[in-house]
Structure formats: C-alpha cells, structure tokens
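Residues per chain are reported as follows:
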Amino acid sequence: MRFAVAEQAAALRDASEALLGARVTTAVIRSAWEAGPTQVGDVWRGLAEIGLTGALVADESGGLGLDENALPPVLNRIGYSGLPVPAVETVAVAAPLLAAAGHPALPDVLSGAALVTANLDATASAGLPVPFLTVADYALLRAGDEVRLYERGEVDAEPVRAVDGSRQLTRLRYSPAGGTTLATGAAAAAAWQRGALGTAAVLVGLAERMLSMTVGYVAARRQFGVPVGSFQAVKHRLADAYAAVEFARPAVLAAGWAQAAAAADAAEQTSVAKVLASDAASVVARAAIQCHGAIGYTTEYDLHLFAKRAWALAVSWGSAGWHRRHLAVSMGLDKEEGESGG
Amino acid sequence: MDLTWSPEEEAFRHEARAWLTANVPCPPLPSGDTRAGFAAHLEWEQALFEARWSVVSWPERFGGRDASLWEWLIFEEEYYRAGAPQRVTQNGIFLLAPSLFEFGTAEQQERILPRMAAAQDLWAQGWSEPGAGSDLAGIASRAERAEAAGGWRLFGQKTWTTRGSFCTHLFGLFRTDPAAERHRGLTYFLVDLRSPGVTVRGFERLDGDEGFAEVFFDGAFVPDRDVLGEVNRGWSVAMATTGSERGLTLRSPGRFAAAAGRLVELARSRGAPGALAERVVQSWIEARAYELFTLEQVSGIVTGDQPGARSSLNKLYWSELDVRLHETALELLGTDGEADGPWSRGFEFALAGPIYAGTNEIQRNIVAERLLGLPRA
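Just so you know, the protein sequences line up as chains A and B, in that order. This note's numbering puts the last residue of the first sequence at 342; the count rises by one with no breaks. This note's numbering puts the last residue of the second sequence at 719; the count rises by one with no breaks.
Worth flagging that the hints you see were computed from the coordinates, not collected in a lab. Treat the hints with care, since some could be wrong.
[Said to hold, decoys possible] Cβ pair distances, simulated, as ranges:
{"hint": "1", "chain 1": "A", "residue 1": "E146", "chain 2": "B", "residue 2": "S476", "range": "46 to 52 Å"}
{"hint": "2", "chain 1": "A", "residue 1": "R286", "chain 2": "B", "residue 2": "E680", "range": "33 to 39 Å"}
{"hint": "3", "chain 1": "B", "residue 1": "P349", "chain 2": "A", "residue 2": "A4", "range": "57 to 63 Å"}
{"hint": "4", "chain 1": "A", "residue 1": "T25", "chain 2": "B", "residue 2": "G650", "range": "42 to 48 Å"}
{"hint": "5", "chain 1": "B", "residue 1": "P615", "chain 2": "A", "residue 2": "S175", "range": "53 to 59 Å"}
{"hint": "6", "chain 1": "B", "residue 1": "A353", "chain 2": "A", "residue 2": "E154", "range": "44 to 50 Å"}
{"hint": "7", "chain 1": "A", "residue 1": "T26", "chain 2": "B", "residue 2": "A479", "range": "56 to 62 Å"}
{"hint": "8", "chain 1": "A", "residue 1": "A10", "chain 2": "B", "residue 2": "P615", "range": "41 to 47 Å"}
{"hint": "9", "chain 1": "B", "residue 1": "G676", "chain 2": "A", "residue 2": "T180", "range": "28 to 34 Å"}
{"hint": "10", "chain 1": "A", "residue 1": "Q290", "chain 2": "B", "residue 2": "R526", "range": "38 to 44 Å"}
{"hint": "11", "chain 1": "B", "residue 1": "Q462", "chain 2": "A", "residue 2": "A18", "range": "45 to 51 Å"}
Glycine is no exception: its CB is placed at the ideal position from the N, C-alpha and C atoms.
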C-alpha cells in the first residue's frame with residue numbers, strides 16, 4: 001500500500017506546472033473568449049514537448065508510456081491554470097485510442113500540432129453540444145457504443161454562446177456523416193472512463209485555484225476595520241469548501257490507480273471521483289463568489305473564468321447526479337436510466 | 343500509487359476475520375453506556391485482550407502485536423465489518439495511550455499500559471468543566487502541592503465525562519500555577535477515581551444511556567508518579583491527545599465503511615425510490631472518500647509526516663458524514679424509525695460527533711486559520 005504519486009507522474013506534473021505557471025496568465029484565458037489568435041497553441045506545444053500529449057502512449061509510439069496514475073496529478077495542474085484547451089479529450093481519451101489504432105493523426109497529436117475534442121456523453125445527433133470544435137482538428141463522437149473519429153471538416157456545427165466563452169462551444173447541425181471507428185465495446189467504455197477521470201482531476205484543480213484566490217482576497221479585504229477573513233462566517237464557509245477539495249483529491253488519485261490496475265470496480269471508483277470532484281468544484285465556486293462579495297460578481301475580476309469552467313465541467317462526462325444514479329444501479333438500488341449526457 | 347495489500351497484510355486480515363467471525367457476540371451486546379451493558383462489554387474486552395486483539399498496534403510486551411498502522415487499519419475494518427461491539431476501552435487505548443507512548447516514563451508505561459490493554463483499568467477523559475468546553479484552556483479545576491506527601495491534591499469539577507460512572511481512572515488537566523498565562527500552568531494528571539475525595543455522579547445523555555458523568559474533586563490525592571509529562575506543561579500533552587481524538591485513531595474509516603454497507607443493505611431490503619437512492623449512494627461515497635483520505639494520510643505518516651491540524655479535517659468529515667448517513671437511514675425506515683433500534687440509537691449517537699473532541703465550529707476555525715492561513719479574529 002502506497003498512496004502517493006509516483007516519481008514519473010510527479011515529474012510530468014511538476015514540469016507542466018512550471019510551464020503553466022509561467023505562461024498561462026488570465027490574459028491568455030481571456031483571449032480564448034474572443035475569436036482570433038491566442039497563445040494557447042504555443043503553450044500546448046510546450047506541454048507536448050514535456051511529453052504531456054503522449055502520457056498514455058507507449059514509448060515505441062513516441063509517448064511517455066505511463067498509465068492512468070499519471071493523469072490526475074498533471075490534469076489537476078491544467079485545471080488550476082485555467083488553460084482553455086481540450087486537454088482531457090486529447091491526452092486522456094484520444095491519444096491512447098489513436099495509438100492503439102495506429103492512426104496517422106497520432107504524430108500531430110503528440111507534437112501538439114493537432115487537438116482532439118470530444119463529447120462522448122450521448123450519441124451524436126443534431127443539437128449535441130461540442131466544445132472546442134473551432135480550435136480542434138479532430139472530434140471524437142459517439143454512435144451507440146462506438147467511439148468515432150471525425151476530421152473537423154466532417155462535422156457541421158454552429159457556434160453558440162455558452163457559460164464559459166473560452167470553451168468555444170458549438171452545436172451539431174446534423175448527425176455527422178463519415179468518420180472512422182476508433183473504439184467499440186470495452187475499449188470505448190474505458191475511453192469514456194478516462195474522460196471522466198481526467199475531468200474530475202481538472203475540476204479539483206479549478207477548485208484549488210478558486211479557493212486560493214478567495215483565501216488571498218478575504219485576508220486582504222478589510223471591513224469594520226479588520227480583514228473579512230477573520231470573521232467566523234467566512235472562515236467556516238471556506239473551511240467546508242477546503243474539506244470538499246481535500247476529500248475529492250485522493251478519490252481522483254484512487255480512481256486513476258483503479259483504471260491503471262484494471263480493477264474490477266474501476267468504473268465505480270471513477271464515478272466516486274467524479275461525484276466528489278463535481279460537487280467540490282460547485283461548492284467552492286459558490287463559496288468563492290459569495291466570499292468575494294460584489295467584486296466576485298463581475299467579469300473584470302478573474303474569478304468567473306474558473307467558476308464558469310467548473311460549471312461546464314461539473315456536468316460533463318456525467319454530472320454528480322448521473323454518477324450517483326449510475327452507482328445506485330450498480331448497487332441494485334435503482335433501474336438504469338439514459339446516457340450520461342441525457 | 344499502489345492500493346494493494348501485501349501477502350502478509352492479507353494474512354493478518356484473514357486471521358483477524360477468522361477470529362472475529364468465531365467470537366463476535368450474537369445477538370449484539372446491550373449498550374456499553376449502561377451499567378449492565380458495560381459489564382458485558384468488559385467480558386468482550388477481556389476476550390479481545392486474551393486473543394491479543396485489544397491493542398494490535400502496541401508493542402508485544404504491553405499486550406499488542408507490534409502491528410503497523412496499515413495493519414491497524416485492516417483490523418479496524420474487519421472489526422466493524424464483523425459488527426463487533428463498541429470499544430468501551432477506547433478513551434484509554436486510543437486517546438491516553440498515544441500520549442503515554444509520547445510523554446510517559448518507562449515506569450508509567452510498564453505500570454499503566456498492560457492493565458489498560460487488559461481492560462483491568464478503565465480510563466475516562468477529564469477535559470471539560472461546567473465553565474470550560476470548547477475553551478479548554480479556561481479550566482478552573484486545580485491541583486495544590488502536597489509536598490510532604492509527595493504529590494498533589496485535586497479540587498474542582500469535570501463534566502460530560504464519557505462512561506465516568508463505570509471507569510476506574512481518569513486522565514485530565516488541572517491548573518497547577520494559577521498565576522501563569524492560561525495555556526501554561528496546567529498539568530496532566532492520571533487519577534484513580536476510587537480515591538478518597540472523588541465523587542462521581544452519572545447522568546443520562548440525549549440517547550437515555552447513563553453515558554455521562556460529572557466528577558467532583560475535593561482534595562483527592564495524586565502521587566507525583568501520576569503526572570504525565572512535566573508539571574505546568576500539560577497543555578502540550580493534552581494537545582497530542584486531542585489530535586488523536588479528532589483524527590484517525592478514534593474514528594478509523596472501517597467504522598463508516600461498515601455503516602455505509604449496512605445502509606446500502608437497508609435500502610436494498612426496503613427499496614429506495616429515486617432521490618433517496620441518491621442519498622444512500624452519497625453516504626456510501628462519503629465513507630469511501632474518508633477511507634481514501636486516510637489511506638493518503640497514513641502513507642504520509644509512515645514516511646514521517648505529522649497530521650497536525652489536518653486531523654481537524656478528519657473530524658469534520660467523519661462526524662458530518664455519520665449524521666447524514668443516519669438521517670438517510672431514518673428516512674428509509676419511515677415511521678418504523680420511531681421505534682428504538684440500531685438506526686435510531688445510531689442517529690442519536692451520531693449527533694454527539696460534531697460536538698465531542700472539539701466542536702466542529704472550533705474545527706472549522708482550526709482549518710481556516712492553520713491550514714488556509716486566514717487571520718485570527
């Protein structure tokens with residue numbers, strides 16, 4: 001028994017964290033809200049050089065040859081940074097599928113030249129929301145239990161306004177035609193599980209960022225002659241928010257281990273992680289906005305960039321409620337319902 | 343990350359499970375917080391001791407197995423999974439003993455620990471007073487020097503003393519230097535409750551059991567050998583004990599994993615429509631989250647980390663999950679939950695969790711100030 005991040009996973013995390021900390025200013029995040037050039041691509045290529053894109057790809061295919069244990073630590077840092085990029089979709093979901101299929105897109109994905117987005121929560125049909133389609137080169141979409149890969153040109157979608165403008169949300173105009181099958185059955189299910197795991201890690205990172213901003217703010221902001229963070233009403237709210245984060249983080253690490261070890265209950269452990277991470281991010285976002293007061297309810301202040309990302313991701317790859325119902329079914333407490341996005 | 347147990351740990355689990363399966367009383371014992379129940383629990387504690395399961399993590403010479411912290415977690419998991427009785431010895435074994443190992447002299451350890459392990463001496467905690475609860479440093483009970491007799495005489499009152507009516511001994515803080523700043527001038531005493539000058543009056547807790555007592559001291563004598571740590575330095579010894587109480591050693595994850603398992607069984611047998619099924623699952627998830635948090639924590643401890651103020655996170659989380667879990671069970675039971683039973687009693691007991699070992703309001707202050715670094719008021 002050793003519940004601690006292994007050396008290589010920690011090295012990938014630390015190298016990524018250093019780059020993200022130096023390059024991902026909130027100006028970079030804000031630039032992705034607008035159409036036009038951003039610095040996101042440069043940062044992504046830097047992360048690719050570190051090896052992030054090939055974390056789950058074998059050495060001989062040009063990757064780092066790590067397993068799912070490596071996902072939570074580094075994707076947590078992506079979440080913390082707020083980098084607006086389909087990192088989970090590209091690194092956790094697509095890259096290992098492309099490698100397994102020997103797909104010619106793999107080198108561009110590994111170099112950081114190509115991004116892959118995804119919505120695998122429901123079968124692709126008209127109206128399905130797909131984030132990042134305008135900046136991605138490929139999209140992974142579902143047809144029944146098949147995961148299919150589409151080139152961007154094969155997917156007809158229209159941009160829509162969304163809560164988190166940096167996710168560049170679109171909606172499909174039609175069920176996509178063309179594409180190629182990348183995974184079915186167990187491989188497709190495992191790919192979705194990796195997406196849920198990675199998203200849980202990003203959510204915990206977002207929660208850590210919002211909490212850190214809020215702690216800094218309430219320590220500095222003075223009312224009644226004292227820092228507002230000295231009031232128990234504020235302390236208790238933030239203590240509860242911190243507890244939510246601290247009890248979600250180990251669950252995400254454990255789900256990564258369960259997937260890597262192909263444990264019999266890996267899907268259940270992933271659901272546990274996503275429930276705790278989604279709920280923690282939502283609780284922290286709420287507490288962060290409240291404890292900031294009016295400044296937190298503006299777009300000039302940066303908090304909303306992270307809160308809106310958290311709201312978008314909390315309901316992606318299965319909301320907390322969806323995963324709880326899914327667990328209820330697996331425990332024999334309830335009957336199965338629809339797809340995770342439905 | 344490696345979340346598997348070694349063959350030695352699996353063997354330890356197997357041995358514990360086999361013994362518990364053969365020996366756990368069935369039907370369950372009456373509450374250990376009643377006089378009749380306490381006697382039955384003492385027999386159980388002595389059986390545990392004889393099979394060397396009462397203090398698995400202690401050195402063998404004190405009655406333990408030299409088990410690792412991991413093996414202790416495994417034993418706890420098996421203990422609660424087997425539905426074994428509450429530990430009426432817990433305040434000695436889990437709260438006083440860690441302080442004795444850290445601060446006690448060899449003589450104190452040799453004299454006190456084996457009798458504690460064998461449930462021959464039963465220890466109660468003497469922290470709270472009528473005027474000092476959350477504000478522990480505000481205690482007024484005092485000890486006066488009795489130089490000729492080689493000891494101290496105690497005066498004052500302790501209260502909310504769990505199982506004080508049934509215990510033989512009490513560990514507690516008394517003021518030995520009234521002139522000192524309030525956190526200084528306190529001394530940690532080990533007191534025989536059968537001494538002249540000690541009066542114990544039991545009274546009922548919310549759940550109706552005589553689980554509480556108030557203890558009056560009117561000149562009771564304590565010899566010098568029963569001072570734990572240095573005179574006037576009792577606060578630091580007490581803080582080590584409260585760390586144990588809030589954290590892992592009092593409430594291992596096995597306890598909540600077992601309760602969550604029983605909740606799922608209850609929901610299966612009675613049916614849990616929609617939203618209620620989600621609440622059942624949420625309680626099961628929270629028990630799992632507590633388990634995973636402690637696995638990470640123990641990994642840190644075995645490589646030299648001190649849990650420190652993080653034990654307040656343990657306490658907040660387990661105590662609140664325990665209340666929610668029992669609320670969900672009562673919701674499942676509907677009107678059947680009004681009748682006395684394990685869930686209604688468990689609910690009433692769970693309500694004490696956010697109060698004892700430092701109220702959760704105090705824990706949130708500790709988390710905010712020491713872990714998040716927010717300014718003190």
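Now for the hints, and whether the structure bears them out:
1. E146(A) and S476(B) have their C-beta atoms about 59 Å apart, which leaves the hinted 46 to 52 Å range violated.
2. Roughly 35 Å separates the CB atoms of R286(A) and E680(B), a value that falls within the hinted 33 to 39 Å.
3. Between P349(B) and A4(A) the Cβ separation comes to about 21 Å, which falls outside the hinted range of 57 to 63 Å.
4. Between T25(A) and G650(B), the C-beta spacing of about 34 Å breaks the proposed range 42 to 48 Å.
5. For P615(B) paired with S175(A), a C-beta distance near 35 Å fails the hint of 53 to 59 Å.
6. As the Cβ distance of A353(B) to E154(A) is approximately 57 Å, the hint placing it in 44 to 50 Å is violated.
7. The given range of 56 to 62 Å is broken by T26(A) and A479(B), whose C-beta atoms sit roughly 44 Å from each other.
8. For the pair A10(A) and P615(B), the supplied restraint of 41 to 47 Å holds, since their beta-carbon distance comes to about 45 Å.
9. Separation of G676(B) from T180(A) is about 54 Å and departs from the stated range, judged on CB atoms against 28 to 34 Å.
10. In this structure the supplied range 38 to 44 Å holds for Q290(A) paired with R526(B), their Cβ-Cβ distance being about 40 Å.
11. A beta carbon spacing of about 59 Å between Q462(B) and A18(A) contradicts the range 45 to 51 Å that was offered as a hint.
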